[in-house]
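**Q** In short: position in the sequence shown from 1, add 3, done, that's the numbering used here.
In short, the hints are calculated from the structure, not lab data. Some clues are possibly wrong.
Okay, derived cross-link-like pairs now, DSS-like style, lysine-lysine, Cα gap no bigger than 27 angstroms in a straight line [unchecked claim]:
#1 LYS241 <-> LYS192
#2 LYS191 <-> LYS230
#3 LYS241 <-> LYS184
#4 LYS30 <-> LYS14
#5 LYS192 <-> LYS230
#6 LYS203 <-> LYS174
Pair ranges (Cβ atoms, derived) [claimed, not checked]:
#7 SER152 <-> ALA125: 16 to 22 angstroms
#8 SER152 <-> TYR74: 24 to 30 angstroms
#9 PHE19 <-> TYR93: 41 to 47 angstroms
#10 PRO64 <-> ASN200: 32 to 38 angstroms
#11 HIS185 <-> ARG156: 49 to 55 angstroms
Since the model is a prediction, treat every value here as computed from it, not as a measurement. Each residue gets a CB set at the ideal place from its N, CA and C atoms; glycine is no exception.
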Amino acid sequence: MDIEEFRHRGKEMIDFICEYINTLDKKRVTADVEPCYLRKLLPSEAPEEPEEIGPVCKSQPCTWLHVDGAYAGNSFICPELRPLMAGIEYADSFNTNPNKWLLVNFDCSCLWVRDRIRLTSALVVDPLYLQHANSDDAIDYRHWGIPLSRRFRSLKMWFVIRKYGLSGLQKYIRNHIRLAKHFESLVKKDNRFEVVNDVKLGLVCFRLYGPDAVNRNLLAKINSSGKLHMIPSMVRGKYIIRFCVVAENATDADIEYAWSVITQEADDMLAKPVTPEAVVRPPLTRQKSRRFSFTRSVSREIYKRSQSKSNLHDGATPILIPDDETDSPTNEEEESSSDVEFTMTNGNAEDDEVFTKDFNDFSITDSKVTTKELVL
Numbered sequence: 004m005d006i007e008e009f010r011h012r013g014k015e016m017i018d019f020i021c022e023y024i025n026t027l028d029k030k031r032v033t034a035d036v037e038p039c040y041l042r043k044l045l046p047s048e049a050p051e052e053p054e055e056i057g058p059v060c061k062s063q064p065c066t067w068l069h070v071d072g073a074y075a076g077n078s079f080i081c082p083e084l085r086p087l088m089a090g091i092e093y094a095d096s097f098n099t100n101p102n103k104w105l106l107v108n109f110d111c112s113c114l115w116v117r118d119r120i121r122l123t124s125a126l127v128v129d130p131l132y133l134q135h136a137n138s139d140d141a142i143d144y145r146h147w148g149i150p151l152s153r154r155f156r157s158l159k160m161w162f163v164i165r166k167y168g169l170s171g172l173q174k175y176i177r178n179h180i181r182l183a184k185h186f187e188s189l190v191k192k193d194n195r196f197e198v199v200n201d202v203k204l205g206l207v208c209f210r211l212y213g214p215d216a217v218n219r220n221l222l223a224k225i226n227s228s229g230k231l232h233m234i235p236s237m238v239r240g241k242y243i244i245r246f247c248v249v250a251e252n253a254t255d256a257d258i259e260y261a262w263s264v265i266t267q268e269a270d271d272m273l274a275k276p277v278t279p280e281a282v283v284r285p286p287l288t289r290q291k292s293r294r295f296s297f298t299r300s301v302s303r304e305i306y307k308r309s310q311s312k313s314n315l316h317d318g319a320t321p322i323l324i325p326d327d328e329t330d331s332p333t334n335e336e337e338e339s340s341s342d343v344e345f346t347m348t349n350g351n352a353e354d355d356e357v358f359t360k361d362f363n364d365f366s367i368t369d370s371k372v373t374t375k376e377l378v379l
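Take the sequences, apply the hints, and build the full model.
**A** Shown next as structure tokens:
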């Protein structure tokens, strides 16, 4: 840009600013659109045959389509499961985590990219002190991520492949899928439960018929038993429990044991109506809150916010809610309240009983659920 063009551009900018200031009183304070105007332009329902996202992304040169196959991507070493990869030809990158389903210990991630130059050009770091004469002889992986160095993760994956071989890893995955289908059949035989996903791999999503609070309480009881550990999720607006086969040498007997634990906890929970009024909760003092070192103590306001559908609870962290700051008695009152005093020093049965009462008090809120109401 020469000096004359620079002067011309500068004059244009000054004129624009002056014109903007002179007409400021005529400009709208709010945007030139009505609230929710976009809602009217959207279709009322999804199309019967939605457009595939792959061709759309390919038509846009500045769009990068990434496929995250962290868990399921490992199963594609089995030829019969590769139809699940339909549309992968449009992907710019594909990622899977062998530590999730290929017997590699944490952490290990495999990333494939169609055009590595597009990736490295955004991450390249090449100051003078990092340049070397062999840069063109090998791939320099410091340009593939934010850190300049990385652990030798490929070595442990090489050892796993060398030990099991392709056939051994395929057998391992096929066994988990078979066991997941077996678990699915057990769930479907109990008319108190429903399966909410199409079981194709090693994951089964299920729930008790009834409100979300019942399923939260069931998961909390199962996880606190220490016999199983599962995590929750939301599917179509409902709180569900995720069961995933993860043990390397799992058998049908393990699946049946897991189902027996789940049904036993469900039987115990639904044996009698559970209401907040049925539980007598001792007052939560600051001293008792300190004793529950493993317990998250929150205000009632925070607890209510946590019950929104955007928040999930796995039952592993129990919650105690003080009514207000004045419900903590003085030391004299606490000493005289021997009928509700408890400790958590040695984890004896009495302590566990009180703790369970506290937890159940707020696991099901305002829900009067009986076994009869939950059975189809």
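**Q** Is it true that the C-beta distance of SER152 to TYR74 lies inside 24 to 30 angstroms, as the hint says?
**A** Given about 28 angstroms between the Cβ atoms, the range holds.
**Q** Would you mind confirming whether the straight-line C-alpha gap from LYS203 to LYS174 stays at or under 27 angstroms?
**A** holds, 16 angstroms
**Q** Is the distance from the Cβ of PRO64 to the Cβ of ASN200 consistent with 32 to 38 angstroms?
**A** Cβ of PRO64 to Cβ of ASN200: about 36 angstroms, so the range 32 to 38 angstroms holds.
**Q** Quickly compare the C-alpha distance for LYS191 and LYS230 to 27 angstroms and report which way the hint goes.
**A** Roughly 22 angstroms between the alpha carbons, so the hint for LYS191 and LYS230 holds.
**Q** Could one say that the CB atoms of HIS185 and ARG156 fall in the range 49 to 55 angstroms?
**A** violated, 33 angstroms
**Q** Hint says 16 to 22 angstroms; check whether the CB-CB distance for SER152 and ALA125 agrees.
**A** Hint holds: Cβ distance 19 angstroms, inside 16 to 22 angstroms.
**Q** With a cut-off of 27 angstroms on the C-alpha distance, tell me whether LYS192 and LYS230 pass.
**A** Holds, at roughly 22 angstroms.
**Q** Quickly compare the C-alpha distance for LYS241 and LYS192 to 27 angstroms and report which way the hint goes.
**A** holds, 21 angstroms
**Q** Holds or violated: are the alpha carbons of LYS241 and LYS184 at most 27 angstroms from each other?
**A** holds, 22 angstroms
**Q** For the pair we were handed, LYS30 and LYS14, check the Cα-Cα distance against 27 angstroms.
**A** The given pair, whose Cα atoms are some 23 angstroms apart, holds under the 27 angstroms limit.
**Q** Please check whether PHE19 and TYR93 have a Cβ separation lying inside 41 to 47 angstroms.
**A** Holds - the Cβ-Cβ distance for PHE19 and TYR93, about 43 angstroms, lies within 41 to 47 angstroms.
Of the numbered hints given earlier, the model fails hint 11 alone.
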